[in-house]
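In order, the protein sequences belong to chains P and W. Residue numbers for the first sequence follow the working numbering, beginning at 285 and rising by one. Residue numbers for the second sequence follow the working numbering, beginning at 285 and rising by one.
Simulated from the structure, these hints should not be mistaken for laboratory data. Be aware that one or more of the hints could be misleading.
Which copy? The list can't say, so a pair holds if one copy fits it or any two copies do.
Dumping the calculated DSSO-like pairs for lysine-lysine here, alpha-carbon to alpha-carbon at most 27 Å [what the hints assert, rightly or not]:
{"id": "1", "residue 1": "K429", "residue 2": "K408"}
{"id": "2", "residue 1": "K318", "residue 2": "K403"}
{"id": "3", "residue 1": "K403", "residue 2": "K429"}
{"id": "4", "residue 1": "K408", "residue 2": "K331"}
{"id": "5", "residue 1": "K403", "residue 2": "K387"}
{"id": "6", "residue 1": "K381", "residue 2": "K429"}
{"id": "7", "residue 1": "K422", "residue 2": "K408"}
Protein chains: 2
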Amino acid sequence: MNKTLSVLFALLVFGGGVAAPNAFAQKPAGKNSKQEALLNTDIEFAKASVGTSAAEAFAMYLADDSMQLPAGGNPIVGKQAILAGMGSGYVLSWEPKKAEVAKSGELGWTWGTFELHTKDAEGKPVVRYGKYVNIWRKQKDGAWKVILDMGNASPAPTAP
Amino acid sequence: MNKTLSVLFALLVFGGGVAAPNAFAQKPAGKNSKQEALLNTDIEFAKASVGTSAAEAFAMYLADDSMQLPAGGNPIVGKQAILAGMGSGYVLSWEPKKAEVAKSGELGWTWGTFELHTKDAEGKPVVRYGKYVNIWRKQKDGAWKVILDMGNASPAPTAP
């Protein structure tokens, strides 16, 4: 049974609606699935930051030889040095927007927007907005780790 | 004449000193030469910025689908939109520090430090310091072009 017949068969048997969208949404494995895997890794990284803490999430996802280029600061080289500078008492959440992976599959990058939820000197909640680029390298065990993390400020979003 | 004999011949004829260092500095082609080619492209990009203007250099080195993530601003998508926002009357110089290229050779990144030489409201020269990441994609004609440009501020360097 070829693909078209399979879809027609599914439509007949399951009444359309359910089977058809999945059948048409199937994507070929390859470039797109690599990008999706890296994007999903960044999404899991962001979930870990909100679910535990930014420092714990960075401990999980930074490569040992990672470098951070912090806004207003000098470059920080090495996972341990980056973690030592992260502090606590804030929530860092982010939304990955795009991932790209080299054809060879070992180098990629993501970018997205972030929100830093903290408190001002009077204890009032404040939110700082920004955007980031992460460069990722696939490790020997197949896990993607961040080798470079850079962020900068964005204007507060305007009301919809 | 094999390579060793060539070097010995050069040493005899030209008296050493000149020929020997170059002969021994030869590096194998491959990963390192890819990184060096991209680093050199970023160095040429920086030279063009100082030699002409930042906007003219960006016009030469940005991919059409480039994106800029400017400090304090929202993402700017597309070469023409980036160029339209660049203005004039300043000198942007930078020093590339490192390049990495994927094994497949079509995707890479560089980072470095920059200086923005401008004038304050009273016409007095001021320098702003920062660092940047550029992500590069090799085009169909073999030329490296910037697909993502991001920068943020650094403290002024301390006196040596």
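The hints, checked one at a time:
Proximity of K429 to K408 under the C-alpha cut-off of 27 Å is found in neither arrangement, the shortest distances being 35 Å within a copy and 45 Å between copies. Taking CA atoms no more than 27 Å apart as the test, K318 paired with K403 passes in neither setting, with 38 Å inside one copy and 46 Å between copies. Neither within a single protomer nor between protomers do K403 and K429 lie at most 27 Å apart by alpha-carbon distance, with minima of 30 Å and 41 Å respectively. Within a single copy, K408 and K331 get their C-alpha atoms as close as 25 Å, which meets the 27 Å cut-off; across copies the closest is 47 Å, which misses it.
In this assembly of identical chains, K403 and K387 lie within 27 Å of each other by CA distance neither inside one copy nor across copies; the values are 43 Å within and 44 Å between. For a Cα distance limit of 27 Å, the shortest separation of K381 from K429 qualifies both inside one copy, at 18 Å, and across copies, at 21 Å. Taking the shortest alpha-carbon separations for K422 and K408, neither the intra-copy value of 41 Å nor the inter-copy value of 48 Å comes in at or below 27 Å.
In summary, the structure is inconsistent with hints 1, 2, 3, 5, 7 from the numbered list given earlier, while agreeing with the others.
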